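We have chain A already, so just place chain B on it with the hints.
Chains A and B are the protein sequences, given in the same order.
Straight run, no breaks: the first sequence in numbering that gives the first Met the number 0 ends on number 209.
Straight run, no breaks: the second sequence in numbering that gives the first Met the number 0 ends on number 96.
Derived from the structure by calculation, the hints contain no laboratory data.
Take these hints with a grain of salt, some might be off.
[Stated by the list, open to error] Which bits of chain A does chain B cover? Going by a derived footprint, with three or more residues having C-beta under 8 Å, they are: (1) 52-59; (2) 101-111; (3) 197-204.
[Unchecked claim] Straight line, CA to CA, 30 Å or less: simulated BS3-like cross-link-like pairs of lysine-lysine: (4) Lys-33/A to Lys-36/B; (5) Lys-32/A to Lys-91/B; (6) Lys-33/A to Lys-90/B.
[Unchecked claim] Beta-carbon label-pair distances, calculated as ranges: (7) Pro-201/A to Gly-37/B: 46 to 56 Å; (8) Phe-131/A to Ser-25/B: 32 to 42 Å; (9) Ala-13/B to Met-204/A: 31 to 41 Å; (10) Ala-13/B to Glu-36/A: 22 to 32 Å; (11) Gln-133/A to Arg-58/B: 27 to 37 Å; (12) Gly-44/B to Ile-161/A: 18 to 28 Å; (13) Asp-54/B to Tyr-25/A: 27 to 37 Å; (14) Val-84/B to Lys-129/A: 29 to 39 Å; (15) Val-80/B to Gly-163/A: 38 to 48 Å; (16) Met-204/A to Ile-60/B: 38 to 48 Å; (17) Ile-13/A to Asp-54/B: 18 to 28 Å; (18) Gly-37/B to Glu-36/A: 49 to 59 Å; (19) Glu-63/B to Lys-129/A: 45 to 55 Å.
Note that the structure is a prediction, hence the values are computed from the model and not measured.
No residue lacks a Cβ here, since even glycine has one placed at the ideal position from N, Cα and C.
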Amino acid sequence: MHIPDGFLDAKTWITLNVVSAGVLGYAIRNVSKKIGEKHIPLIGVMSAFIFACQMLNFPVAGGTSGHFMGGALSAILLGPFAGLLVMSTVLIVQCLIFQDGGLTALGANIFNMGIIGTIFSYWFYVLIRKIFGQKSFVVSVFIVSWFAIVVSASFCALELAISGTVPLKVALPAMAGVHSLIGIGEGIITVLTLSFINKIRPDLMDIEKI
Amino acid sequence: MGKITVIMLLISLALAVFLSPFASQSPDGLEKVAEDKGFIEKGEGKEVLQSPLPDYSIRWIKNEQISTSVAGFIGTLFVFVVSYVLAIFLKKWNTRS
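For reference, chain A alone in the conformation it holds in the complex:
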């Protein structure tokens, strides 16, 4: 879902760069206030894991592939702001070193996969655990991960429409449709990863969320 240069018009990419820079700055301040010794290696390794998983495109229907996003994973484990820091690190490295996502569209990509991917995921997860109760770990994680990537893709469609690249009634069903399939993979990987961490270091699941 990494938007390249050229897909968004100037007003859209400039606005999203300003918004993302502001939110990321706020997130960094929050992380620096609350970060503890235990968070440091976890932030490092989550970034590495999400980067590696994002390279692994898996086929979905009709000659299309998709890859893991990681917004829900990083937000559920670390909290929305530390999660955003992780996602932004990955997205900035992908853009600058691997030409994955355009430089002008970096703000848009951080907005969609980072800000929406983590802040939406975190609060949706908190809400859904309240509704479903504490025993619903797997189901809650799966639902949140699925929605996270579908909502991110919908924002991507909205930005393309605002840019005049493609009409919303064409872009929204297409983007949400294909990402509802990719979301199944997102859900499975997020559930497996968090279950793995929960099994070998259950205390890390209760680390302070930033």
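Only chain B this time, still in chain A's reference frame:
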């Protein structure tokens, strides 16, 4: 570094090195939509920046799979170090202010 960090880092590196060469080459969700809906050309040749390792490949490695594998290894390790150092820096920043 704790045991979990080492394990997770090794898993990440293994995924990047051993699985990335076999990742699907099909266009991703956005690329496919852009192709089908006819706006893919809007992004062609518009790159603002020339990245050193475009499309997760290393120019001087001819074998495509090895090239992706090495790029994946470099990227995963680099992201780990950047993120880790950033987190240490943010912790230090916090204790000073």
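Checklist entry - Of the hints stated earlier, which fail here? => result 4, 9, 11
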